[in-house]
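Q: Each chain, letter by letter, is given below.
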Amino acid sequence: MKTIVEVRNLTKKFNGLMAVDKISFKVKKGNIFAFLGPNGAGKTTTIRMLTTLLKPDQGQMLINGFDPLRQQDEVRKSFGIVFQDYSLDDELTAYENMEFHGVLYKIPKDKRKKRIRNLLKIVDLWERKDDLVKTYSGGMRRRLEIARGLLHYPQIFFLDEPTIGLDPQTRNKIWQHIKKLNKKYQITIFFTTHYMEEAEKMAQCIAIIDHGKIIAQGTVAELKKQTRTKSLEAAYLAITGKTIREENATGLDRMRIRMNRMRGRMR
Amino acid sequence: MISTIYILWLRQIKRYWRSKSRIIGSIGQPLLFLLALGFGIGPIFAKAGAGNYIDFLAPGVMSQAILFMAVFSGIELIWDRQFGFLKETLVAPVSRLEIVLGKVLGGATIATLQGIIVFFLTLLVGFRPYSLKMMPLAFVLMFLIALFYTALGTAIASLMEDFHGFQLIMNFLVMPSFFLSGAIFPLQNAPRLIQIISSINPLSYGVDGLRQSLGGMVHFGIGKDILILTSLALLLLSIGSYLFSKIEA
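As given, the protein sequences belong to chains A and B, one line each in that order.
Sequential numbering from 55 applies to the first sequence in the numbering used here.
Sequential numbering from 23 applies to the second sequence in the numbering used here.
Quick caveat, the hints were computed from the structure, so don't treat them as lab data.
Possibly wrong hints are sitting among the right ones.
[Unchecked claim] Below, a sample of chain B positions facing chain A; criterion: calculated Cβ distance under 10 Å:
#1 Tyr-28
#2 Arg-37
#3 Asp-102
#4 Phe-105
#5 Phe-107
#6 Leu-108
#7 Glu-110
#8 Ala-114
#9 Leu-119
#10 Leu-135
#11 Glu-270
#12 Ala-271
[Stated by the list, open to error] Computed cross-link-like contacts, BS3-like style, restricted to lysine-lysine with a CA-CA straight-line distance of at most 27 Å:
#13 Lys-131(A) to Lys-109(B)
#14 Lys-233(A) to Lys-109(B)
#15 Lys-76(A) to Lys-109(B)
#16 Lys-36(B) to Lys-168(A)
#17 Lys-165(A) to Lys-109(B)
#18 Lys-109(A) to Lys-268(B)
#19 Lys-36(B) to Lys-167(A)
#20 Lys-183(A) to Lys-109(B)
#21 Lys-268(B) to Lys-175(A)
Here a beta-carbon is modelled for each residue, glycine too, at the ideal position from N, C-alpha and C.
Chain B on its own, in the form it takes in the complex (with noise of 0.2 Å):
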């Protein structure tokens, strides 16, 4: 069970550090968000009395790069079946768990790194956070949202047959969830309407619970943002493995 989840894990792995560009590539929205709106928003944010804009918006900035490269771990299933390596993994005596295990863990991984280094980013364009002590904490959080989001691409990745959807996904799933999460701007003086479909937004509270275990800024409490992750990420980690026993190859 171990072994089998480990060696899907380890080729995801494998995979992400082989290809630099995709690494590098990753890394330029991410950077784009906080040189642009960084310091586009910055002296107005600063201006209507909020503070460090760079403060607020690098835990957003991190969960953006989280969640794409979650969603899109995910969807490479579709990449898997479609250049038939996945039926290798099929016809394998394995249960389908173990399958969908290992590949979510590696996604999530990828995802998680891809988190710290845009961390690390931020530091360069001023970000500091409050507290060395609660960096576990962020590393946690930033491994749940790594969680739900890469069963989540799994779970869709196991109803598409192709790569047609993607686009779809992206404008009406990934993106949504990160304007609408807080990351970009805060909630409090958002409109109601913003304020409920953020609330229903699973990564809102990914983006709180990070942002509160770097800056110390809260919205919806950490307890709460780590009890709604985890739960969330559970219950897509089986919808996804339900979806993906279906798959006949």
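Chain A extracted, bound-state conformation (with noise of 0.2 Å):
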């Protein structure tokens, strides 16, 4: 299989604190890829330098055969996105949305609109494309946000903590949706993620990162066989020495929840 993500010694500190340190890895094409580790651990880092947002301080990349540093339109066509955040504008509609994303990646008229059609039925938001945004709920932001950022139909996907703030059930609607565009158009997935079960379910290779530093890397199997553990977690355990900060994470996730309702209460 061919390799679609690659990186080698990536490095990033800011204000002297070493935020990403001489991470390498690959992605191969049509890989669901996770990257798991308690927050604060250099993931948002990492793909704000793969998507071009960031520039690192050292070491190489290449997205799909291009450099982020120097092919970025190159780059910026080959991925779609969906930010930690919300990133839609909350005064226009479903399909204004759609509308404005496919203008910015110049996808033709007739082929935005069948597209934005498509895809807004798979996440099942025909029915209220024409409704503001700031009306819907977050699942459905976050499918928005999904069909929004494969509208110009990427080769991979990277996903940023997709399911933060969401409970269960839309939780795994989410990830029903990506397993299937996943399969349907042979996308790439390249997602963060702290959830120990969604990276075990999930994922086909998986690597754990902590401190700015990939730790170990593998397919779930081969990080149990390493470890000589039954399950993610214990393997997880061998390897970093404690268990995930989950009340760490549960604790910032709330307060996320309590930021995003904040917002939308100020707008």
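Work from the hints to combine the two standalone chains into their complex.
A: So this is what it looks like as structure tokens:
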């Protein structure tokens, strides 16, 4: 299988603090790849560098064969992304958000129309397409962002904590959609998570990251074998010497939900 | 290129049109200036032999409305950044220049519309432009003021992470620009210091040009006004684009 993401010695410091520390990894085309680690491990910083939003201090990256530092537009056309925090325009309708994206990615009008229709149907939002996004629930927003991120038919789809702050049912539904898309279009999925079970269930390959370093990578089976454990959770404990800071994470989760609600009110 | 700029422009217009409270709210301040200053100072102005104060004030208040709306539209970039929408634009395969142009043109259009709304308000309180032939020129001037201040707002917003500096901008940039532009009092007889400050205040040229095209009163001369405003708008647009291209999200 071909490699679609290749990263070597990627490094980023913020005010002397190592956010990402010489990480290297590869993602195979068509795979579902998980970046597993606690909050603050460097997952989002890595994604920002891969998606041309942030310049690394050191290291090489190749996305779909292109360099995010020198071939920005080619890289940008190659990926779709769902950011950790919502990035929709609340004052526009779902359809207008899609249309905006389609025009920025220069998709011809007739194609654009067809694709928007298809994708909004896939994520069950076609009936609500003309409602302002500010009337949407968290799950609906996430689904819309997924549809939007796929509109230009990216080769690789980045999902940064795609199910954070969502209830279990919605979380399942989002994952059904993602899996369907992965199968149907053979899109490579690159997602970050701090949910152990999400990584175990969904990903074909996992990289465990903590304090800016990748400390282990492989398939779930390989990680279990390496550590002679029976579950990913036990493997994680064996590798990092601690459980994923779940309490910590859920606290942050709650804060994020509250923040998002507050934002809704401020508008 | 054009389609990117257009869709960004359209987004601004839609957002403006949909927030009726914002439109109504932003008429309040110019209306207050018109009524309170217009009718409060008007009689003294006339007694001093300076003519009809409403005629003098109206172009000033239009400029004020444009100034506020333009700076605010530019600063809205911070809003986009805080609410995440900016990232969606930044990961798109479009040049940063296109994004800035779309945003600035959108903001400038809104601010110009605001100026036109206030123009109609001034008619209600008794302002009469001296010639309809000059109206297109007045709209050009409105747009130039709008363009400059939206670009300025965008440039400032590119340097700001959040809204904490907003009061600073209002109190040390927007308000002084308005008060020291000759919008509410004639510059001719003002103290030397105020004249000097006014002559380096871009809004002075906007007010002067607008006043000339609507009421025929001159201070700097309309050719100079347009030349200065256009060059400054282009300069700020370049600075804004440069600063915007440095944004990391």
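Q: So, for every hint listed, does it hold in this structure?
A: To see whether the hints hold, each was checked on the structure:
{"no.": "1", "hint": "Tyr-28", "in the structure": "holds, 8 Å"}
{"no.": "2", "hint": "Arg-37", "in the structure": "holds, 5 Å"}
{"no.": "3", "hint": "Asp-102", "in the structure": "holds, 8 Å"}
{"no.": "4", "hint": "Phe-105", "in the structure": "holds, 6 Å"}
{"no.": "5", "hint": "Phe-107", "in the structure": "holds, 5 Å"}
{"no.": "6", "hint": "Leu-108", "in the structure": "holds, 8 Å"}
{"no.": "7", "hint": "Glu-110", "in the structure": "holds, 5 Å"}
{"no.": "8", "hint": "Ala-114", "in the structure": "holds, 4 Å"}
{"no.": "9", "hint": "Leu-119", "in the structure": "violated, 13 Å"}
{"no.": "10", "hint": "Leu-135", "in the structure": "violated, 17 Å"}
{"no.": "11", "hint": "Glu-270", "in the structure": "holds, 5 Å"}
{"no.": "12", "hint": "Ala-271", "in the structure": "holds, 5 Å"}
{"no.": "13", "hint": "Lys-131(A) to Lys-109(B)", "in the structure": "holds, 15 Å"}
{"no.": "14", "hint": "Lys-233(A) to Lys-109(B)", "in the structure": "holds, 25 Å"}
{"no.": "15", "hint": "Lys-76(A) to Lys-109(B)", "in the structure": "holds, 25 Å"}
{"no.": "16", "hint": "Lys-36(B) to Lys-168(A)", "in the structure": "holds, 23 Å"}
{"no.": "17", "hint": "Lys-165(A) to Lys-109(B)", "in the structure": "holds, 24 Å"}
{"no.": "18", "hint": "Lys-109(A) to Lys-268(B)", "in the structure": "holds, 11 Å"}
{"no.": "19", "hint": "Lys-36(B) to Lys-167(A)", "in the structure": "holds, 20 Å"}
{"no.": "20", "hint": "Lys-183(A) to Lys-109(B)", "in the structure": "holds, 22 Å"}
{"no.": "21", "hint": "Lys-268(B) to Lys-175(A)", "in the structure": "violated, 38 Å"}
Of the hints listed earlier, those the structure fails to meet are numbers 9, 10 and 21, in rising order.
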